[in-house]
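Participant: For reference, the chains in residue letters:
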Amino acid sequence: MNYVINRVIYLLAVFVIAVSGIFVLVNNMPGDPAYGLAVSIAQQRNMQIEQALEIARSMMGIDPDESLLTRYGKFMSNLLKGNLGYSAFYNTSVNDIISKSLPWTIFVISLATLLSFVVGIFLGALAAQKRGTVIEWIISTVSSIIQAIPPFILAVLILFVFSVTLRLLPLGGAYPVDVEPSFSFEFIYKMFLHALGPMLATAIPQMASWTLAMRGNTSQVMEEDFIRFAEIRGLRDSVIAKKYIRNNAVLPLVASLAIGVGYMLGGHTLVESIFNYPGIGFYFGKAIAVRDFGLLTGLFTLIVIGVIAATFIADFVYSLIDPRVKLK
Amino acid sequence: MTKESLTNFYHDYIHPLFRNKKSLIGLIILLMYILMATVGASVVPLNMNSNFAERYQKPSLKHPFGTDYFGVDIFQQIVHGSRAVISLTLLASFLAVLIGTIVGVARGYLEGIAGKIIDVIIMVFLVIPSFPALLILSAIFMDKDLNVLQIALLVAIWLWAPLAKQISAQVLSIKTRDFIEASKILNMPLRYILFNDIVKLLIPYIFINFVMQIKGAMEFSVGLMFLGLAKFDPTHWGIMLNYALYQAGALYTTQGFHYLFFVILNIVLLIYGGILLSQGIEEIFNPRVRGNE
Numbered sequence: 005m006n007y008v009i010n011r012v013i014y015l016l017a018v019f020v021i022a023v024s025g026i027f028v029l030v031n032n033m034p035g036d037p038a039y040g041l042a043v044s045i046a047q048q049r050n051m052q053i054e055q056a057l058e059i060a061r062s063m064m065g066i067d068p069d070e071s072l073l074t075r076y077g078k079f080m081s082n083l084l085k086g087n088l089g090y091s092a093f094y095n096t097s098v099n100d101i102i103s104k105s106l107p108w109t110i111f112v113i114s115l116a117t118l119l120s121f122v123v124g125i126f127l128g129a130l131a132a133q134k135r136g137t138v139i140e141w142i143i144s145t146v147s148s149i150i151q152a153i154p155p156f157i158l159a160v161l162i163l164f165v166f167s168v169t170l171r172l173l174p175l176g177g178a179y180p181v182d183v184e185p186s187f188s189f190e191f192i193y194k195m196f197l198h199a200l201g202p203m204l205a206t207a208i209p210q211m212a213s214w215t216l217a218m219r220g221n222t223s224q225v226m227e228e229d230f231i232r233f234a235e236i237r238g239l240r241d242s243v244i245a246k247k248y249i250r251n252n253a254v255l256p257l258v259a260s261l262a263i264g265v266g267y268m269l270g271g272h273t274l275v276e277s278i279f280n281y282p283g284i285g286f287y288f289g290k291a292i293a294v295r296d297f298g299l300l301t302g303l304f305t306l307i308v309i310g311v312i313a314a315t316f317i318a319d320f321v322y323s324l325i326d327p328r329v330k331l332k
Numbered sequence: 108m109t110k111e112s113l114t115n116f117y118h119d120y121i122h123p124l125f126r127n128k129k130s131l132i133g134l135i136i137l138l139m140y141i142l143m144a145t146v147g148a149s150v151v152p153l154n155m156n157s158n159f160a161e162r163y164q165k166p167s168l169k170h171p172f173g174t175d176y177f178g179v180d181i182f183q184q185i186v187h188g189s190r191a192v193i194s195l196t197l198l199a200s201f202l203a204v205l206i207g208t209i210v211g212v213a214r215g216y217l218e219g220i221a222g223k224i225i226d227v228i229i230m231v232f233l234v235i236p237s238f239p240a241l242l243i244l245s246a247i248f249m250d251k252d253l254n255v256l257q258i259a260l261l262v263a264i265w266l267w268a269p270l271a272k273q274i275s276a277q278v279l280s281i282k283t284r285d286f287i288e289a290s291k292i293l294n295m296p297l298r299y300i301l302f303n304d305i306v307k308l309l310i311p312y313i314f315i316n317f318v319m320q321i322k323g324a325m326e327f328s329v330g331l332m333f334l335g336l337a338k339f340d341p342t343h344w345g346i347m348l349n350y351a352l353y354q355a356g357a358l359y360t361t362q363g364f365h366y367l368f369f370v371i372l373n374i375v376l377l378i379y380g381g382i383l384l385s386q387g388i389e390e391i392f393n394p395r396v397r398g399n400e
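Chains A and B supply the protein sequences, listed in that same order. Numbers 5 to 332, taken from our numbering, label the letters of the first sequence in order. Numbers 108 to 400, taken from our numbering, label the letters of the second sequence in order.
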């Protein structure tokens, strides 16, 4: 129990410092946070931008003379109430945007994680057991080449090949604009089709790293004494491969699964922007472009919460599945 | 360094690199690009003048990689861009490894409250999503004319933390070994224990990580240039990638496909060289991961 309390205090300190750092960084970006809203007001009401800026500032509750410290205080007290701030550009609360966009991101990330983990474990174990054969060479070489492709370039390539050239996948969005969301078969099918591009762009690099990690772990486990002993005992090869080797090699990977999901939240920005997929990464890219400081800080905070929660979960999962690890 | 220690260094660290297939190929690829950046850039001329009569030419003897939408030779741009790409990538990797090693050794060695504080700092950099944070930080400095070292530092700030965490774990396990106790009892100065006992043991590990950082440093710097968030050499491959995609509209016409293709090919091949070299080094120093020979 002492361990848990220590850990919570530690992670809380990390959270407060990380979020404060982000707040300072974002608020030092050049550009006027009220500018985005002012432009849309000026367009709607047909007025001068200076006038619109004043209206925008008063609507957003921004006092241009307010010090950074006062704004920081407001941000923190809002955060305590579970309010992640206000988006100037979309003229709504950050919580609203998150509840609209986070489900799409989670949908894509969980599909990508599931696919990449299952395929990666299978290919990695296969490569290690077929050591020295063509199969191993192909699996490791292809995985290494995939790792050399930066994820956003892969996203561009997928968009180019499947959406532009072959026209198999849609060019953007989470579902067609002319279809009402429903539980009909057609809608669900279209939804999967729209998620496929960002999903592949996220899953393929992940798959390569799971494959290489699993191959490494499997070859290490295969050298252990208890495997030799199992062979001497005359157990069937298939039993040894599944129960003795695979299960032991997967253990450390299951723990990093949670952390991987946390990091994917942050790494999804460019992929969603390239596919115009309306998840949190898309709004993040938009927020940078229009200098929406409130939205940026709120989304950063959300991702940091996600990563910290994932780290915490990973520690617990590891102690649950591996009896040798005791929480200190 | 004496002659003998140089020979030993060659025998222990350099010679095995030539005998492992992966590290040899990786070294050849990296050397090829280093040659391109040093010799190539001074031999190959760069003519950035637009020549509309020759736009979107397919690869030929005259234009090995073809020409872009202004009729400028792509090969020349790749060669000259390699200078910016290589210097930025190597500098950023070096800085990331330097910061990661110093912070990691300090965290592993220090006890009590100082160690805890460093631990929290490392963790802060681990939980902040690095690429988005890099984008914000670069936007802050976007109006300033930054030199290579400054941009490399911006990139390195978001790369060092995972390395520092791993190094601190290594130092923690080395610290409990007998010879460190012996040095302490002999009242050796802290400097001696840190550099002669601890860092020396970590050298192969640090070297692998330097090569592995190439991937991250390339991805980050190309991504940064691609988004146009840092002013730099117009032939940097990230900026070329941006032009190939958006200015030339390679996404919408098949005409400009070779432009996009050659830029991506060079980015991927350079990173692949780094990955192969690091895989090779890992096999040499950690024989258990060795695959087929």
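There could be a bad hint or two in this list.
What the hints assert, rightly or not - In silico lysine-lysine, DSS-like type, Cα no more than 30 Å apart, as pairs:
hint, chain 1, residue 1, chain 2, residue 2
1, A, 290, B, 291
2, B, 322, A, 134
3, B, 291, B, 307
4, A, 78, A, 290
5, B, 128, A, 290
6, A, 134, B, 128
7, B, 128, B, 110
The hints are simulated quantities; they were obtained by calculation from the structure and are not laboratory data.
Participant: Would the pair residue 128 of chain B and residue 290 of chain A pass a check requiring their Cα atoms to be no farther apart than 30 Å?
Facilitator: violated, 46 Å
Participant: If you draw a straight line from the CA of residue 291 of chain B to the CA of residue 307 of chain B, is it 30 Å or shorter?
Facilitator: holds, 17 Å
Participant: Taking only the CA atoms, is the gap from residue 322 of chain B to residue 134 of chain A under or equal to 30 Å?
Facilitator: Holds: residue 322 of chain B and residue 134 of chain A sit about 28 Å apart, inside 30 Å.
Participant: Checking one constraint from the list: CA of residue 78 of chain A to CA of residue 290 of chain A, max 30 Å. Satisfied?
Facilitator: Between residue 78 of chain A and residue 290 of chain A the Cα gap is close to 24 Å, so the pair holds against 30 Å.
Participant: For a C-alpha distance cap of 30 Å, please report whether residue 128 of chain B and residue 110 of chain B respect it.
Facilitator: holds, 28 Å
Participant: If you draw a straight line from the CA of residue 134 of chain A to the CA of residue 128 of chain B, is it 30 Å or shorter?
Facilitator: holds, 19 Å
Participant: Given the hint that residue 290 of chain A pairs with residue 291 of chain B, test it: the Cα-Cα distance must not exceed 30 Å.
Facilitator: violated, 56 Å
Of the hints listed earlier, those the structure fails to meet are numbers 1 and 5, in rising order.
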